[in-house]
Structures are given as C-alpha cells and as structure tokens.
Amino acid sequence: MLVTLSSPFNLFLDDTGIFYLSYFEENVANLLSISPQSSNYFLKTFFTLSITSEAISNVLAAWGALFHPNSDLTLVNKYITKARIVVNENPTDKFDFFIALAYYLITIGIQVCAGDTRNWHQLFRRCEDLMRNYGGFLKFIKDFNYSNDCKFMIANFQFHDIMSSETLSRGTTCSMSNYNDLFRVNKLLETDGYGVDPYQGCIQPIYLLLGEIMNVYVELKAERKNLNEKLNVADNLEVFSTLNSFRLDHYKKIDEKYHELTNKINCCEPVQSQLDQLSSDEERESHSKLFQLYRITGKMYIAIYIKQTQPMSAEVQNYLVSALSLISDLINTNLISSLNMSLLICGISCCNKFDRLNLDSTFEKVYSHYHVGNVKRIWDVVKESWRRNSTGTACIDWIDICNDFGWKLSMC
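Quick note on the UniProt record's numbering: the sequence shown kicks off at 1 and runs consecutively.
These aren't lab readings, by the way, just hints derived from the structure by calculation. Since no wrong hints were added, every one of them can be taken at face value.
Below, in silico cross-link-like pairs of lysine-lysine (DSS-like), each with a Cα-Cα straight-line distance of 25 Å or less:
| hint | residue 1 | residue 2 |
| --- | --- | --- |
| 1 | K257 | K225 |
| 2 | K187 | K94 |
| 3 | K289 | K187 |
| 4 | K365 | K353 |
| 5 | K264 | K253 |
| 6 | K353 | K376 |
Please read these numbers as outputs of a predicted model, since none were measured by experiment.
Throw the hints in and build the complete structure from the sequences for me.
In structure tokens form, the structure reads like this:
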C-alpha cells in the first residue's frame with residue numbers, strides 16, 4: 001500500500017479521498033488492467049502522476065470510489081468536481097498538457113465504467129481537441145522523448161476511438177494511416193521495454209484491423225444508402241444501364257474489401273515480444289486465446305457488416321460457436337475486462353433460444369466478476385437486437401439501436 005496517512009496525498013485529499021485513492025491503487029487498477037504488474041500503466045503513469053498532481057489524485061480517488069461497494073455517485077462526483085476545478089483545461093506548456101490529457105483519459109474511463117452513454121464521448125472530443133491544439137501525437141511523444149507514459153496515453157486514446165459506437169457512424173477520429181504509422185511502422189508499443197498494454201494486451205494488431213473494418217463499413221454504408229436512394233426514385237428504364245453499373249461496382253467493391261480484410265485478419269499475429277514477457281505458460285495461453293477470440297470477432301464483423309451476411313448463416317454460426325467457447329474459457333481469467341466487443345457481436349449473432357439463454361448466462365457471469373456499467377449497456381443493446389431480429393434473418397446494425405436509444409456507447 002503506497003498511500004498512508006502521512007503521505008503527500010494529504011496535500012490534495014481529505015481522509016476519505018485518500019482511502020478511495022488507496023482503493024484505486026490496490027484494487028481498481030488491477031481489475032482494469034490485463035497486463036502484468038510490471039506494465040500496469042494505470043499505476044505506473046496515472047497513480048505516479050497523482051503524487052504531484054492535485055487534479056489526478058482527486059480524479060483517481062473518484063475512480064476508486066466508483067468501484068467501492070460502500071461508496072455512491074455523490075462521492076464520485078465530488079472528487080471529479082474537485083479535479084475539474086484545479087486542472088488547466090487550456091494548457092500553455094507541455095507539462096500542463098500532460099496533466100490535462102491524463103485527466104481527460106481518466107475521466108473518460110470513469111464515465112465508461114459507470115455506464116455513461118453521453119458524457120464520456122464529450123470528454124473524448126475535448127481530449128481530441130486538446131491533442132490537435134497541441135500539435136498531434138507525434139509532437140507529443142517527441143516532446144517527451146518517446147516515454148512509455150506517453151505511449152500508454154496515445155494507445156489509450158486509440159483504444160477508446162476504435163471501441164466507440166460513433167466509429168461505426170463516422171469512422172475513427174484519427175485516420176488509421178496515422179495509427180498504423182505509430183503502432184505498426186514505428187512499433188510504438190514494442191520498444192523501450194513498454195511491455196504488455198493494460199487495455200490491449202498483446203493483441204493491438206487486431207484492434208488496428210478492427211478500426212480499418214469499421215472505416216470500410218462506414219464507407220460502404222454511405223455508398224449503399226446513396227445507391228438505394230437512386231434505385232427508389234428511378235421512374236423509368238432509361239437509367240437502367242447507369243444504375244446497373246453503379247450496382248455492379250458497389251458489389252464488386254464489397255467483394256474486394258471482404259477478401260482483403262479477411263486476408264489481413266488471417267495473417268494477423270499477436271505481438272510475440274509482448275507474449276514473451278508474460279511470466280507463465282498459463283498467461284501466454286490466455287492471451288493467445290484472447291487473440292483468437294478477437295480474430296473471430298473481426299471475421300464476424302466482416303461477414304455481418306461488410307458482406308451483409310445473415311447472422312443465421314452457417315459462416316456466422318460457425319464463428320459464434322467458436323467465440324462462445326473461447327469466452328467461456330476467458331471469463332475466469334484477468335482478461336475478463338476485454339470481452340465486451342466480442343460479447344456484443346456474439347449477442348447479435350445468437351438466433352435461437354438455446355444460444356440466447358447461454359449468452360444471457362454469460363453476461364450474468366461477466367457482470368458478477370467485472371461490475372462495470374458499460375457491460376449492462378452492451379447487454380441492453382444485445383437484448384434489443386433479439387427483439388428486432390427474432391430469427392436472425394436480418395443484419396441488425398447495432399449502431400442503429402444506439403442511435404434509437406440516444407446512446408454513444410463505448411465497448412471498452
């Protein structure tokens with residue numbers, strides 16, 4: 001326990017705040033992280049920063065209070081408010097910027113864990129504006145000499161970007177070419193002893209591909225909408241040749257993207273240097289299974305959202321059975337916090353009473369071990385998809401459900 005009553009935190013926090021900050025350090029940081037302790041940047045970056053920053057110590061106390069069984073939202077909001085009052089939201093030097101960026105990323109995490117479906121995305125947009133005004137990711141990381149703390153915060157932003165429902169509406173906030181330059185070309189998370197990322201583990205290559213898949217989906221969806229509008233207003237056969245040409249080009253593009261993305265995901269591998277840093281065969285096996293699960297998740301997204309394959313099809317059902325087996329294996333590991341996106345796509349793909357009963361039970365187990373609000377929100381979306389698609393014959397676009405609910409959902 002790093003927090004004691006004689007600690008420097010007395011400068012920033014009352015006794016209750018110190019208690020909840022300690023709870024964050026000892027419990028919450030480990031619950032959220034899927035990395036070994038040696039690369040748990042919730043502690044290495046955020047908690048270390050709280051020693052000298054009043055804003056960060058208060059906002060981490062809020063995160064601890066959110067998870068403590070004897071706390072309530074009044075206390076959570078109390079410490080968030082105290083942090084917001086003292087943080088410099090318009091920083092003029094790089095150190096104030098570092099604090100402000102950490103503050104926003106932590107507050108986003110709190111809102112997502114609380115099951116918020118609006119405020120977290122407003123905070124994410126402010127985080128985006130902050131980074132743009134500073135000069136972008138590359139300037140940020142250069143100014144801090146490629147420190148692992150900066151790498152973690154950039155990866156944190158990238159993770160929340162790709163795991164947002166808004167990405168299925170508008171595409172990723174940052175272009176995938178920029179992310180790929182940072183993480184694939186420059187191997188940002190594979191150098192200087194960074195270790196295993198606490199959010200993405202060893203499987204960031206799959207998350208980057210999921211970002212590509214979602215951007216392609218947004219592009220094809222817009223094309224499909226435009227094409228359908230043309231088809232529905234056509235009132236004579238003189239445009240037959242033109243419309244047919246548009247249709248053939250569109251379906252050819254779908255086929256090309258389907259095969260291109262499927263090939264990419266088949267060739268994708270976990271980061272071996274990160275797997276090697278795991279201390280036991282059991283840990284390596286769990287992280288390898290998580291990679292297999294997300295490879296299948298990516299294939300399900302490609303089948304349902306790129307190719308518009310019905311969930312009840314043999315292809316999707318084959319993926320579903322394999323994914324559910326892997327989820328069952330991972331529920332009792334420390335990787336449970338990484339199951340949300342897979343649970344969502346599996347839920348939408350459940351077409352019969354047996355699978356839906358099984359997934360209902362799975363959600364119960366996950367929520368009992370990983371008691372965070374966005375798991376319940378994802379569960380709500382899945383149940384609504386069952387109501388709208390009772391037999392699995394339609395391709396339910398879960399972003400439409402979020403829009404109908406007025407939600408901006410995070411799958412983090």
